Amino acid sequence: MAVSAASDKSKRQPLVNARFVEFLTKSWSYLFLLGLVVFFSLTGTGFFSVRNFSSILTTSTLIMLMSIGQTYVVITAGIDLSIGWTVGLSSVTTARVMRDLAAGGADVEYAMLAGVFAGLLVALIPGLVNGLLVARVKVPPFIATLGMFGIVRGAAFLLTDGQQVVRGLSAELREALRGIGNGSLLYHIPDHGLVWFRQPPDLEPTQIRQVSQLLPYPVLITALVVIVFAFILARTKFGRHTYVIGGSEEAARRSGINVDRHLIIIYVICGFTAGIAGVLHLFRFTAGAPQAGEAALLSSVAAVVIGGTNLFGGEGDIMGAVVGSLIIAVLQTGLVILNIDSIWQFIVVGVVIIIAVLVNQLQSALERLQSNV
Amino acid sequence: MSEAILTATGVSKHFGGLTAVDNVDFAVYPGEVVALLGDNGAGKSTLIKCISGVYRPESGRVIFNGSDITHQPPADIRSRGIETIYQDLALAENLDVGANVFLGKEVTRRLFGLLPVTDDSYMRQEASGVLDELDIHIPSLTQKLVNLSGGQRQAVAIARAMYWNAQLVIMDEPTAALGVPEQRKVLALIRSLREGNIPVILISHTMHDVMAVADRMVIMRRGRVVANIARAEASEEIIVRHIVGSAENGENAVMI
Chain F
3 MAVSAASDKS KRQPLVNARF VEFLTKSWSY LFLLGLVVFF SLTGTGFFSV
53 RNFSSILTTS TLIMLMSIGQ TYVVITAGID LSIGWTVGLS SVTTARVMRD
103 LAAGGADVEY AMLAGVFAGL LVALIPGLVN GLLVARVKVP PFIATLGMFG
153 IVRGAAFLLT DGQQVVRGLS AELREALRGI GNGSLLYHIP DHGLVWFRQP
203 PDLEPTQIRQ VSQLLPYPVL ITALVVIVFA FILARTKFGR HTYVIGGSEE
253 AARRSGINVD RHLIIIYVIC GFTAGIAGVL HLFRFTAGAP QAGEAALLSS
303 VAAVVIGGTN LFGGEGDIMG AVVGSLIIAV LQTGLVILNI DSIWQFIVVG
353 VVIIIAVLVN QLQSALERLQ SNV
Chain H
431 MSEAILTATG VSKHFGGLTA VDNVDFAVYP GEVVALLGDN GAGKSTLIKC
481 ISGVYRPESG RVIFNGSDIT HQPPADIRSR GIETIYQDLA LAENLDVGAN
531 VFLGKEVTRR LFGLLPVTDD SYMRQEASGV LDELDIHIPS LTQKLVNLSG
581 GQRQAVAIAR AMYWNAQLVI MDEPTAALGV PEQRKVLALI RSLREGNIPV
631 ILISHTMHDV MAVADRMVIM RRGRVVANIA RAEASEEIIV RHIVGSAENG
681 ENAVMI
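Sequences listed follow chains F and H, in order. Be aware that the first sequence starts at 3, since it is given in this note's numbering, and climbs by one per residue. Be aware that the second sequence starts at 431, since it is given in this note's numbering, and climbs by one per residue.
No lab work stands behind these hints, which were simulated from the structure alone. Hints are supplied without guarantee of correctness; some may be wrong.
[Stated by the list, open to error] Simulated crosslink set (DSBU-like; lysine-lysine; CA at most 35 Å straight-line):
#, chain 1, residue 1, chain 2, residue 2
1, H, K535, H, K479
2, F, K140, H, K479
3, F, K28, H, K574
4, H, K535, F, K239
5, F, K28, F, K239
6, H, K574, H, K479
7, H, K535, F, K28
[What the hints assert, rightly or not] Some chain H residues close to chain F (C-beta under 8 Å, calculated; not the full set):
#, residue
8, D518
9, A520
10, V547
11, G626
Quick caveat, the model's predicted, so the values are computed rather than measured. Don't be surprised by glycine CBs; every beta carbon is placed ideally from N, CA and C.
The task is simple: from the sequences and hints, build the whole structure.
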């Protein structure tokens, strides 16, 4: 006896062209990004330039790094509200360790390495606690990470003695930080052509203004993190189990997946990518700041949602978060170039988030419609 | 009749002062569909959970394929071939058929001889093979389960049990949430399991399902087995009388 539920259905014409709808719902954010770039390129002077694009990419790294970990968490139907302050904690910790080691007579390179290590390590702690609370104590992610939001914020400010920045970084240290944070693997300089690693020191001020960073280090580092975590999520068993947990935690448990351990690792990953963001923030601005990631937290969630990741879990990918982060960065820069008050950026991003959720709902509604025709 | 594949003898389970399962003997023979019937609270689900290892019975023994599985953890019992399909099916509906058949047991291959990645095309292929065996047709193997019908999802859960060499399938109310055409498909699946010589324990409230597929009906009431009736000797009326308890004076009970 044939058990073919679908054969009698699929012969009917679907109401909407399924492929077209799928294409549109899956790639609207890519098209939207492209549209924004075209729009700003046509309307804003100086938008369409290598220099500006490289600046947009650099700007986007903070939100992008945070949204990578956030994507994992959101796919398991969670959310991590604490990573904004984890960025700050990591930035401050890195700055203090570097400063104190350098002040104690250590080599700048050694102080920097130790600082980066400390900054990344400290970011794992809130992640671990979040994971334990969510997986073992069954605290809802929103509450657990909201608590951690306050704790990490306090910890970050304790490390600066309540100041807005970590004071006392030596000039030598700041110079070394800037070399990476504002440096590029490859420069394009008019009259010099392509230059690797370092900007020549003897440039005229007019030339300096025309230097284009073709491969800024923060962008390269972020790209590497994107590739690694996109690969893990899309291709490995670990990634698959992340989706299974997001689809049905019960199914995951019954199929023998160690859900608790998996969730803990995911919150640690989320802390880790925020930690990278914090360290990079310090390298770029050469000041350890507790509030480094404060404003970026909601943007990172926005980037995840705009990228098509479902807040109810089970769906989404890293490339979506990357595109979402780029959309936000392009809006930030583009509105400034058009001389529109940057406050409008909040409104536009807000509208885009709502569109993203609507498109997501439209997609599920159409899928349901098609399978129930 | 050949040797029983599963034998439970003298199984009892209490919850506080309540005796949920009271000294029950229960057996399943190769290739038969046994319906487990009874009113709410009769002890069907508790008995099943004593077999699948979710509960630990206080007394009695459960023997499966010649070995004692009483008090074994659920995962061990599952790996011995007793697969329980609950009403919620335990599927990840956001993933495709291949991913679901291999849930938690994903097959990987080495990318560039180095990085272990999930071998999705292999898993899809294997899933498609077992679906074919069950005579189930799913339009696209890359479809997420959320886009499939209830009956098709039930089929995927059964296919998964089959693929991992289930030797006894326990189904809890498999047709409860389905429309009539879908119910028929699930019943057809139960028959194909039987044709594959895999016995099925079917918990159901739906008399129609039971009459349609069961070879034998075991009826529970207040924690005890009150009747054990072969299909040939069963009628809806007899079954209902046992379920509600009006047959207990004996005139209509056909015990084997």
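We went through each hint and held it up to the structure:
no., hint, verdict
1, K535/H x K479/H, "holds (23 Å)"
2, K140/F x K479/H, "holds (25 Å)"
3, K28/F x K574/H, "holds (15 Å)"
4, K535/H x K239/F, "holds (9 Å)"
5, K28/F x K239/F, "holds (24 Å)"
6, K574/H x K479/H, "holds (30 Å)"
7, K535/H x K28/F, "holds (29 Å)"
8, D518, "holds (7 Å)"
9, A520, "holds (4 Å)"
10, V547, "holds (4 Å)"
11, G626, "violated (14 Å)"
Hint compliance for this structure: hint 11 alone is broken.
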